[in-house]
Amino acid sequence: EIVMTQSPATLSVSPGESATLSCRASQSVNSNLAWYHQRPGQAPRLLIYGASTRATGIPARFSGSGSGTEFTLTISSLQSEDFAVYYCQQYNNWPLTFGGGTKVEIK
Amino acid sequence: QVQLVESGGGVVQPGGSLRLSCAASGFTFSNYGMHWVRQAPGRGLEWVAFIRYDGSDKYYADSVTGRFTISRDNSKNTLYLQMNSLRAEDTAVYYCAKDAAATRSFDYWGQGTLVTVSS
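Chains A and B, in that order, are what the protein sequence lines are.
Under the numbering used here, residues 10 to 116 are what the first sequence spells out, in order.
Under the numbering used here, residues 23 to 141 are what the second sequence spells out, in order.
Only chain B is shown next, with the shape it has when bound in the complex:
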């Protein structure tokens, strides 16, 4: 069965950096695009970033462009999100999500990792 397990969340000061990881299993990771989606406390869902199956193309939300970098290591079945210049408004649960075949919807989600940006 498909499993996505995020890690790397925690408390960081404004301006700081954090790297999130998402370990994937139960499917051929190298065949699928992957996303990061976040949810601020008590708020709705916000798509953050996407990477193609082979890492050849990436897209970002305007709110994180230039600060966040999505990457993947297909040999390790792992997705990453490098977050720099963090702001209070980046505080959220960060989910990794698998791209559904032939669409850009999200057919499997991890349980999320909480990132808190606070001094």
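Chain A on its own, in the form it takes in the complex:
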């Protein structure tokens, strides 16, 4: 099983600032990586797939990069609706696995 490790666990950011989230895989997942965010009480929402392709309707302030074992999600100019928990997920191998999440909170 591929273990996905996200850091930091919590990120405190002021509205309008940018945030950089990291995700590391225990072995290469090529570019088969997705990012989601989840607001309290809601289902997760797909943000990025293929490591860097924004999903339908996702604003350009979300960008993903990386390949192999190291990935980054950058959120520029954080809006109020962006404060949430963010998860990475690999789909290179079965079983599909998620990282433990990064909570982006208001500073």
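Since the hints were derived computationally from the structure, they do not count as laboratory data.
Positions of the beta carbon are idealized from the N, C-alpha and C atoms, including for glycine.
Incorrect hints may appear among the rest.
[What the hints assert, rightly or not] On the chain A side, residues computed to face chain B include the following (Cβ under 7 Å):
{"no.": "1", "residue": "Ala43"}
{"no.": "2", "residue": "Gly50"}
{"no.": "3", "residue": "Ala52"}
{"no.": "4", "residue": "Pro53"}
{"no.": "5", "residue": "Leu55"}
{"no.": "6", "residue": "Tyr58"}
{"no.": "7", "residue": "Tyr96"}
{"no.": "8", "residue": "Tyr100"}
{"no.": "9", "residue": "Trp103"}
{"no.": "10", "residue": "Pro104"}
{"no.": "11", "residue": "Leu105"}
{"no.": "12", "residue": "Phe107"}
{"no.": "13", "residue": "Gly109"}
Once you've looked at the hints, dock chain B against the given chain A.
Same frame as chain A, but now just chain B:
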């Protein structure tokens, strides 16, 4: 618009069984693989199971293999999860999710149904 509506959750005793359903609409259900993903209270996401668009192939997390069975009825646009030999650690919100085309990411999610395993 794509809609996924789960049902069938509830309280069940350890060792018991439950069947979850997910009614799909707004897309051609028979063309897409489908997943179940769960989230224990206050915890992260855990992928549970996948079924191909035609039901010909299925994959499971190790934690549920041999106890859970994923299935689908394309004539009813419905996904199922049969859960047997339930344990306390199966307590979670269970989401059904649509497989994104050409990837194994999840592009649409239902709102989830809560399963509580407790005596």
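A quick look at each hint next to the structure:
Annotation: interface hint on A/Ala43 holds; nearest CB of chain B at approximately 4 Å, less than 7 Å. Given the 7 Å rule on beta carbons, the hint for A/Gly50 is violated: about 9 Å separates it from the nearest Cβ of chain B. Taking 7 Å as the C-beta contact cut-off toward chain B, the hint placing A/Ala52 at the interface holds, the least distance being around 4 Å. Interface restraint check: A/Pro53 against chain B, minimum CB-CB distance 6 Å, threshold 7 Å, status holds.
The interface hint given for A/Leu55 holds, since its Cβ lies 5 Å from the closest Cβ of chain B, which is under the 7 Å cut-off. Of the supplied interface hints, the one on A/Tyr58 holds, with its beta-carbon coming within about 5 Å of a beta-carbon of chain B, less than 7 Å. Taking 7 Å as the C-beta cut-off, the interface hint given for A/Tyr96 holds, the closest approach to chain B being about 6 Å. Here the hint on A/Tyr100 is kept, as its CB sits about 3 Å from the closest CB of chain B, short of 7 Å.
Taken as an interface hint, A/Trp103 checks out: its beta carbon lies about 5 Å from the nearest beta carbon of chain B, inside 7 Å. For A/Pro104, the interface hint holds, the least distance from its beta-carbon to any beta-carbon of chain B being 5 Å, beneath 7 Å. For A/Leu105, the interface hint holds, the least distance from its beta-carbon to any beta-carbon of chain B being 4 Å, beneath 7 Å. Annotation: A/Phe107 was flagged as interfacial toward chain B, and the flag holds, the nearest CB pair being 5 Å apart, inside 7 Å.
For A/Gly109, the shortest C-beta to C-beta distance to chain B is roughly 5 Å, which falls under 7 Å, so the interface hint holds.
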